[in-house]
Amino acid sequence: MIECRLAEASVLKKIVEALKDLVTDAAFEFSENGLQLQAMDSSHVSLCYLQLLSTGFEHFRCDKESSLGVSLPNLAKVLKCANNDDTLTLKAKDEPDVISLVFESKKQDCIKDFDMKLMDLEQEQLAIPDTEYKSKVTIPADEFRRIIADLQVLGDTCKITAEKAGVRFAVEGDVGKANITLKPGEAADEEGGKSVNIDVEEAVELRFALRYLNYFAKATPLAESVELSMSKDVPLLVEYKMGEIGAIQYYLAPKIDEEDEE
Amino acid sequence: MKRVSAPAEALTEAPETASSGAEDSPDAKRAKKASAKMEKVETVNVFAQSGVASAQNAATALNAAKKEANSGDDFATLLADAADAGTSNLSLERPALDGSEMENDIVLQWVDMDMYSGDPLREHPVPGEHVPGLRSGEVPIIRVYGVTDKGQSVMCHVYGVTPYFYTDIPGDAFGESELSRFREALDARVCSAARINQGSAVVAVVIREKMSIMGYCGGAKKRYLQIMMSLPNLVPKAKSVLQNGFACPGFPEKQFMTYESNVPFVLRYMVDNDIVGSNWLTIPKGRYRARGPSSRMSRCQLEVEAVYEDIVSHDPALPEWSAIAPLRIMSFDIECMGRRGVFPDPTQDPVIQIASYIKVQGEDHARAKVVLVLDSCLPIVGAQVKSFSDERELLLEWTRLVQRADPDVVTGYNVESFDFDYLMGRAKALKIEAQFGQLGKLRNKVAKINKKTFSSAAYGTRENSEIEMEGRVVMDMIQYMYRNHKLSSYSLNAVSSEFLGQQKEDVHHSIISDLQRGSDEDRRRLAVYCLKDAYLPLQLLEKLMVLINYLEMARVTGVPVPFLFSRGQQIKVLSMLYRKCLQLDIIVPVLPRAGGDGNGEVSYEGATVIEPIRGFYDEPIATLDFASLYPSVMMAHNLCYTTLIPTGEEKGLIENKDYKKTPTGHLFATTERQKGILPTILEELLAARKRAKKDMKAAKDPLRKAVMNGRQLALKVSANSVYGFTGATIGALPCIPISSSVTAYGREMIDATKAAVERKYTIKNGYKADAQVIYGDTDSVMIKFGGLDVAESMELGLKAANELTEELFIKPIALEFEKVYSPFLLLAKKAYAGMYYCSSAEKPDKMDVKGLVTVRRDNCGLARTVVGTCLHKILVDRSVDDAVAYAKETISALLQNKVDISLLIVTKSLSGKSEDYAVKQAHVELAARMRARDAGSAPVVGDRVPYVIIKAAKGAPAYMKSEDPLYVLQHNIPLDFDYYLDQIGKPLKRIFTPILTNPDSLLHGDHTLKRYKALPSSNVGIARFAVKKLQCIGCRAPIDCKGGLCRSCEKNRESIYLDRLAEANDLEDRFARLWTECQRCQGSLHQDVLCTSRDCPIFYMRKKVQKDIEQVQTKIDRFAEIDF
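As they're listed, the protein sequences go chains W and H.
Our numbering numbers the first residue of the first sequence as -12 and each following residue consecutively.
Our numbering numbers the first residue of the second sequence as 98 and each following residue consecutively.
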């Protein structure tokens, strides 16, 4: 028996929006500690990992660890029916073949009840081993989204260079090239708290496919800022922290030169 | 799984096999089977010797034994069996002459014919008689190679044939007196064009009364010049001189039209002397002279010279001349030493084995099986193995073998483009070309390879190599396959499995080198493999009746057999046309060739198709067909070159009496005025076909039956090709008025039939329901009479066919009742399926499927299987529910990765590098990627590349999604199931649309909810950095403790463990079965399987099971991790 309630349906809405372009079918893993989801995109270049802690829910109950396979595009359609400020309750029996979603309006005057068929996904679980990252960059989430969108105009591979002095995003394509550099600054503080924060132990330069960074940036509404963690020869970690409820993490394999030829 | 062989048991219930069978090892069992088989064959042998009467029985018994051996799939046993069947009694060589031959008529079936130029015949074989033709200088001499009914080889030099052609007269005033002036002037021009200093090119010019085939002339002959040349190669020279503008002294210069100036000389000779392809000839005694040893040109047993007028040609239509001589057939295959990653190159890589099969047409067993091996080799029972330490010796021994066996027909698989080419190249590299190349029947003549590109509308463009071996016809089975069958793969393996139900092991060429470098046993293994490659083409040749059917085609159309392999369709019609024209004093002009760029092509309206009323008909649908539609239209309306009246020239003629206007507005003379040549040819062909069919029914001897069947097929094909000939705009003699009139009549007839059916067979006229024509195409209409059962539909169909023929059409156009479909599924134009009732109304003859997911190469096997099975369930089992359930089940299995990967493979052959293609193609890109991974095993140009479609980033182009199936299996790469769902979904939706209200429900719904998501093994993308998290073996919940099970599954530990163990056992058993299957296929149960055939489903199954075992084993091992 699973039953958990979120104060605002919009949280799950945004989460699904952040995932559905990257992953189509995924398993929600419920345990007493909360809910997690982990999946690779269809070309196996990136991996996303969602963690929602039980403490972030208004109410959370899970008697038995279970894995519920869900078609994310279908879930997104169902969630469209919820108002952002509705409360959302997820329910499932033991050995379920459907998951129920209940939307209740703030005034308690409207209750919507949906049953969605589950998929039986036969898959194995992956984990990225914990890494001590040599450099970490925190950027306002919408700033990051803007950078990625801008750079995509020019090319499809982005070189990210993190140094103490700043972080540079560079693209070279048929049309031309572009460089965007962000400096750590108190300057941004004037506008209210959002600023670039750079913590570089060792300068790093890595190359990534912009296509995926763009998918990751779909998580922007979930958090104020995004943290990029990098080290040589390990995947880039892009993390959106959603306060007390949990976080969404994306891992992206760096491009290796010989792959560029393709 | 393929069938497991147990052939001998059924036949020989030997007590000892039964009693001791249980504890026997499989090998002992096989040995026993083999010996049982041999006994069987031995008894047969006794039969064979006991007399003629039982020969028939013996032959059938032998065949049975052979079949039995075949189904065992064990080629070595088969070789051994055959060895026991008395092969050795018959010698490799042809039967010796007994000395009386030269005193009798020589009767031979000719197989090959060529010409050379040489001195004229000094004296006529009959003293005092005159030899026609030139008396000095070089003259053309035709060589005819043939075989007597005893199987002895004959070659005859035919003297006295003069090449000639026709042209227009220079002007009306031209008369007999100007002939010599014309000759001299033309001769001068031709001699200078051909750089001839002495002698003359134009031998004689004569005025002949002839008609041109083009256009109606009311039977009025005109004067033409017949120009006789000294040598055939001067004909085209003279033709171009005349065409480009020539002035006869006393007449203005003009461009002359030439006639019959492009007839190959050999064909000219055949046409003029009524010789058809491979018919029987008699050289009467006393009218030939034998050549002595010193003047012989060939290695034939009899070599004679004669004058062409003396040779008697026999009509193969006469029963006494329809037999086939004991022709000798040789099939061979070579193996060469490859280097890793490079295709063998004759300048560097040696030939290591040559296997040859020698057989005589009409005999059941091979005369000899010889394999020549470089380096030592263990013996093979049933075959001769000869070892050589020197490659030159090996090659030369093969030449001697060819000379001794003296085959009339040489076959093999892709021998023209590869094996011969390679052997000749190798001989050149070893500098023994001159000795090695003595492969033809002529002495001192080195075989030659001609490379040429052949292109034809019917066969497409192909690059061919042709080997010239005088007197031997090369029938490369790959060419036959290209020309006659549309297949998804043309590898010998695929073709054998399609037509013979046999697989062969496919050893990669890099492994061949390893085997050659190995032990005697390894080389023996290679030799068996090589022998099988020589054996299979021979089997194909026999099973598909290639030799007989081609001989008959040659006889019917009158062209030499090699033409059928090397030339297109048109020459066959031309040959028939020339023959008919000769009888009627008609000559065929040589039209300037239309430009090949297709711009000038005239198109005309083709056949009509009645718009189908789509649906699933659970009631009988009768089909009426026009028998030989286009030929009968041409006959009925007398459509021909010779009856076509040019517009404006119909003055003085009366419409519908003297001529008729076709629906396209062309005018053709009626039969009363002038009977056309094409209708005459067609009438003769169809009458001959009727006779052949009758003879076939009456024939008792299976060989004669086969010959008659081959003949009636050849006649049918030939009759149908006449229409195409007139429509071929870049052909030899296109005539659009004919071809467009033919199709126009066809359209009218279909429409008239439809109207008549729907007018006549109605309730008003006392029938049960109003008939409706639901579909019609080109030459058939499908009718729903309504309210009738199959028997009644057949009856009414027959009645309707007769009534309509009577009422609507001119003879010989006839509507025939052909079949009834019930039930019938009509999907679209040219796409339908149904149960076919023809011979009886009780039991359907077969399931007939047209135009549905045919053997298109870009469809995977799964689509074909699913569609086929669904149709079977709908039509045969009559259960739509079953079909739906089956379709859903398959889709479900697909999404869970439970479908065998071999069913998902698409194969295409690699014809060039990526740069050579304008559009990126999946298989080409894959080959490039495979080359980057491992150049050694990657496909090279000419190889076939199998691939599957894998998951890739959203919106990735299809060519990026191809992957090597083996790589996919090894690395557990996820397949793009949605792509495959679409692939099978489209055809499924197509067939279910008329049946289900919502065919989309097949592709969505509960059965698609269970999906397998593969996790790629390391070093692909992000997986390179990730580690697998432990999951519970029972329920797949993520766990972090050892022992393999989560808390809730722990209580079921024992049963879960046993389940996994059972799973592993199952897989191991399956693997063992697959492995033995492959061992059987390779013919040895004692050796490892080397085969890596990418065409073979078992190969992939083997690999997949191997992988599965590994996975289950890791799971089982995890149980042991716990500390009790």
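Since the hints were made in silico from the structure, they are not lab data.
Note that the Cβ used here is the ideal one computed from N, Cα and C, for glycine as well.
Fair warning: there could be bad hints in the mix.
[What the hints assert, rightly or not] Just the calculated beta-carbon pair ranges, DEER-fashion:
1. CYS935(H) to GLU109(W): 58 to 64 Å
2. LYS525(H) to VAL162(W): 51 to 57 Å
3. ASP715(H) to ALA114(W): 56 to 62 Å
4. ASN61(W) to ALA724(H): 55 to 61 Å
[Said to hold, decoys possible] As a list, the in silico PhoX-like pairs of lysine-lysine whose alpha-carbon atoms are at most 25 Å apart:
5. LYS146(W) to LYS1110(H)
6. LYS1051(H) to LYS51(W)
7. LYS7(W) to LYS1148(H)
8. LYS94(W) to LYS1005(H)
9. LYS80(W) to LYS1051(H)
10. LYS908(H) to LYS927(H)
11. LYS67(W) to LYS1126(H)
12. LYS94(W) to LYS64(W)
13. LYS64(W) to LYS121(W)
14. LYS7(W) to LYS640(H)
Hints versus structure:
1. For the pair CYS935(H) and GLU109(W), the beta carbons lie near 49 Å from each other, so the given range of 58 to 64 Å is not met.
2. A beta carbon spacing of about 56 Å between LYS525(H) and VAL162(W) agrees with the range 51 to 57 Å that was offered as a hint.
3. At about 58 Å, the beta-carbon gap between ASP715(H) and ALA114(W) stays in the expected band of 56 to 62 Å.
4. Taken as a hint, the range 55 to 61 Å holds for the pair ASN61(W) and ALA724(H), whose Cβ atoms sit roughly 58 Å apart.
5. Simply put, LYS146(W) and LYS1110(H) have alpha-carbon atoms about 32 Å apart, too far for the 25 Å limit, and the pair is violated.
6. Between LYS1051(H) and LYS51(W), the direct Cα distance comes to roughly 35 Å. Violation of the 25 Å bound is thereby established for this hinted pair.
7. Of the pairs offered as hints, the one joining LYS7(W) and LYS1148(H) is violated, with about 38 Å between alpha carbons and a cut-off of 25 Å exceeded.
8. Distance restraint check for LYS94(W) and LYS1005(H): the Cα-Cα separation of roughly 64 Å exceeds the 25 Å cut-off, and the hinted pair is therefore not satisfied.
9. About 34 Å separates the Cα atoms of LYS80(W) and LYS1051(H), which puts this hinted pair outside 25 Å; it is violated.
10. With a C-alpha separation of about 28 Å, the suggested pair LYS908(H) and LYS927(H) falls outside the 25 Å cut-off, and the hint is violated.
11. Between LYS67(W) and LYS1126(H) the CA atoms are separated by roughly 33 Å; this puts the pair beyond 25 Å, and the hint is violated.
12. A distance of roughly 24 Å separates the Cα atoms of LYS94(W) and LYS64(W); the hinted pair therefore holds under the 25 Å criterion.
13. Between the alpha carbons of LYS64(W) and LYS121(W) the distance comes to roughly 40 Å, so the proposed pair goes past 25 Å and is violated.
14. Of the pairs offered as hints, the one joining LYS7(W) and LYS640(H) is violated, with about 58 Å between alpha carbons and a cut-off of 25 Å exceeded.
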